[in-house]
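J.: When you get a sec, could you build the whole thing from the sequences and use the hints?
Protein chains in written order, with numbering that gives the first Met the number 0: chain E, 0 to 347; chain W, 0 to 347; chain B, 0 to 347.
Do not rely on the hints blindly, as some may be mistaken.
Same chains, same names: a pair is fine if it fits in one copy or spans any two.
In silico DSS-like pairs for lysine-lysine, Cα to Cα no more than 25 Å straight-line [claimed, not checked]:
#1 K16 x K47
#2 K47 x K289
#3 K199 x K289
#4 K324 x K289
Calculated from the structure, these hints are not laboratory results.
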Amino acid sequence: MQVSFSAEEIIGIVGPKATRGRAGQSITGIASLEGAGAGDMSFLGNAKYRPQVPACRASVILLPVDYADDPPEGQMHLLVESPSVALAQICARLESMLWPRPAPGIHASAVIASGARIAATATIGPLCVVESGAEVGERCHLQAQVFVGRGARVGDDSWLMPGAIVAAECELGRRVRLQPGVVVGSDGFGYEFAGGRHQKVPQVGNVVVGDDVEIGANSTLDRARFSRTVVGEGSKIDNLVQIAHNVVIGRHCILCAQVGISGSVTIGDYAVLGGQAGVAGHITIGQGAKIGGGAAVTAPVAPGAYVNGSPAMPYMLERRIAVLKQRLPDLFRRVDAIEERLEKSSAS
Amino acid sequence: MQVSFSAEEIIGIVGPKATRGRAGQSITGIASLEGAGAGDMSFLGNAKYRPQVPACRASVILLPVDYADDPPEGQMHLLVESPSVALAQICARLESMLWPRPAPGIHASAVIASGARIAATATIGPLCVVESGAEVGERCHLQAQVFVGRGARVGDDSWLMPGAIVAAECELGRRVRLQPGVVVGSDGFGYEFAGGRHQKVPQVGNVVVGDDVEIGANSTLDRARFSRTVVGEGSKIDNLVQIAHNVVIGRHCILCAQVGISGSVTIGDYAVLGGQAGVAGHITIGQGAKIGGGAAVTAPVAPGAYVNGSPAMPYMLERRIAVLKQRLPDLFRRVDAIEERLEKSSAS
Amino acid sequence: MQVSFSAEEIIGIVGPKATRGRAGQSITGIASLEGAGAGDMSFLGNAKYRPQVPACRASVILLPVDYADDPPEGQMHLLVESPSVALAQICARLESMLWPRPAPGIHASAVIASGARIAATATIGPLCVVESGAEVGERCHLQAQVFVGRGARVGDDSWLMPGAIVAAECELGRRVRLQPGVVVGSDGFGYEFAGGRHQKVPQVGNVVVGDDVEIGANSTLDRARFSRTVVGEGSKIDNLVQIAHNVVIGRHCILCAQVGISGSVTIGDYAVLGGQAGVAGHITIGQGAKIGGGAAVTAPVAPGAYVNGSPAMPYMLERRIAVLKQRLPDLFRRVDAIEERLEKSSAS
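T.: Written out as structure tokens, the structure is:
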């Protein structure tokens, strides 16, 4: 990174409610409160780190509006509604400076089928393949070695990173981001057992991904047996996540890394699934439900519920059982002692 | 999908034992009993949905031969041995209509080493790489951006989807399907610790995949340290599955998504492993054994056994313990009460 | 494999402390003690297999220096410091014979940006992409369909296998091996929730991978939010592993397949994580700690500690609880019996 912001530029980006002090120098880095030095910008993203602010040596600190103390010499405080959002605004600016959208056009090495429709404002990078009948929208960026299959559609302003794959007939909304190696539209895992063999049930549906969805590296989304596998608008999926056929994920959900969703599961809007959680087939998870990391969901989860453990149960119960489990050796000893005592008393 | 079948065409494909009623219109979609409308075909794949049949509005329904009721006006019942198999037959026809095999030939952008042998009937899509000494069999389809390494062999009628990788010396049988991003033949994970460092033990074996095997998107199969990692004929592997070096998987096994098999494990024919299950190294799983989703197998599993949990134990025991675990808070209270009572009685 | 070694060649490679007997023929394979026949080399890698040595039919056996018995006719014993290391030496020789480094040069189909710096001794295989500002060091091998992003650096003698991706600004040390499909530098999973939507927090840091690191197939390493995600020198990462943003992994660690490390975790040198283990965010794992397979680490782990289970606890405690858990049905019965007895005695 060779990017530098003046304090004034940062003020221009985040529009603080108030400022205090003066930055001793321009900003060339971003760092945590503990790690920052002169020339860095830092931020208070979580109230529990507030005690670290006075000792922070950053030249600029983003702080919540209720932060009262004055900065030391050479430091500027920017008081904002949300330091995290302000940081994101600065990062977005940084991102656009660091990796600006390339010029529109199709790289000479890309292989575009004659029947494909590529918007004039789109950028198709080296060694991409776009098959016939596929559509790539305005200002899309297919970075390199991307595959877009027959009849697939990529909505405006989407960014498909190296090695991303969108198989035939699948549809991406607008502003979708596929991290490297994502597979959208692999076959669902469906077989019928007959004659001592697993007979393939062809998977002839597709995957429909809503606007503003982001999917993490090497995650896999299977096409429906028939009909659609769906990821709702604004949902964010981390790396190495498995979404089976006919799953319907609501809007604005969070699926952390290595989550596995079995076939025909339905997940309500705003649900959050922790890393490595698994959901058994055909289960419904209610709106706003929260699934702990590593949880194994084997029964429906009510809207707003918070479950954890394997098999998943209400969060507080699971916490309590986790504690009691560690006291099992003691419990066995206690029951041994009771039995011994009763034996003695009956013998006497 | 812009495909339409007449009722007669469907009868021609599935060859029903009997038919009842008449379809009001031709079929342009496939849907579940609950979701189907006029113009759809539906099916009774699982007996528990039988009560939904009378209210189903599909134009054609595939039903088991013992289904007795007559259809309403405008609906046709096709009575078949197995509605699921009949559905698969229709889907297979659909699949061949929707994505027919492309014409044989090698795309101009593919990079084929001089020493590679490609059957004249094979199709090598854009931007594939086939290294020297590799063999690609009759009617194979390497879709796009596929890699087939030095000395590797791909059996007749196999389909390697975009981004699939078959590393050097590995062998695929006939009618193998690799979903996008599959890696066959990455190095096994083998090191010897010496001099404070992990010394690489080169992995010089290969992977041998039997006929009719299908492997899901982004799954990884490591080559043997020496000798072979094996997947037996007809086995089906879902997405994001890890198969370590020297594993031997039998015939007609099912490995669901995100399963992890450690090195030198042996799995018997017809075994089924649920999603996210893990198997520790050097373990043998017997023929027809069933491993529950998320189970952690740390000891041998007998043929036909059904195990579950972490560590895996007999299914019924695990179910019982899962229930009792939830009653632990109560059990602790009961033991507290007993002790209190005994204290009182001894004090009195 | 069509490679053959004479006994003398093997002696030349491993430099044994002593030899006993004579090999009846040259060596054309490597096999386990049980599986070996004439023409094979075998080895005693683990003391527990010592009883298998007398019956082994290999032509050459690598044995520890304290092995006392004489070989039968036609078999040679090579007594070495470490049979495992000796085996690795032979495998390394085998590996270099089986897949020798290709000649330096850039394949005509590779797409190299004008501003990229490729060492003259490097080999860039077919259909690779190297973006502007990227550096590829001496004797590197980018095998095929590899992507190296803008400003990324690949250290000397590294080997990037087919489909490996190194995103913009990321850095690999010397002698790094990326197995097929590895993604280094996908975006970290960071969002701020505001206005009912998850706002992307751009990830503008990078990933820094030390010397002699190996990363398994389809594993994913996210770039830092700002600053660096780090993998220390000599660490080995297996397949399908997830490393989140801002993680710092020490030197000479082992991460087995499907491990998931959440954001901002710190792992000390020489730590070992078993397959499918998960580590919650912001946790510190001490130097030399050992995490059992499938363990869910939700609290800091002390240096040298060995933890297991979900949630992770000291290994011996977890083993004991695993046993007691299976005795829960019995414990419930015992407490029922005690209560019944007390009821009776109070009634009488």
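J.: Now tell me, hint by hint, if it's right for this structure.
T.: Verification of the hints:
1. K16 x K47: Answer is within: at 22 Å inside a copy they meet the 25 Å cutoff, but 62 Å across does not.
2. K47 x K289: within (23 Å within a copy, 30 Å between copies)
3. K199 x K289: For K199 and K289, the Cα distance is within 25 Å only across copies (20 Å; inside one copy 35 Å).
4. K324 x K289: The answer is both: 23 Å in one copy and 22 Å across copies each meet 25 Å.
In summary, the structure agrees with every hint in the numbered list given earlier.
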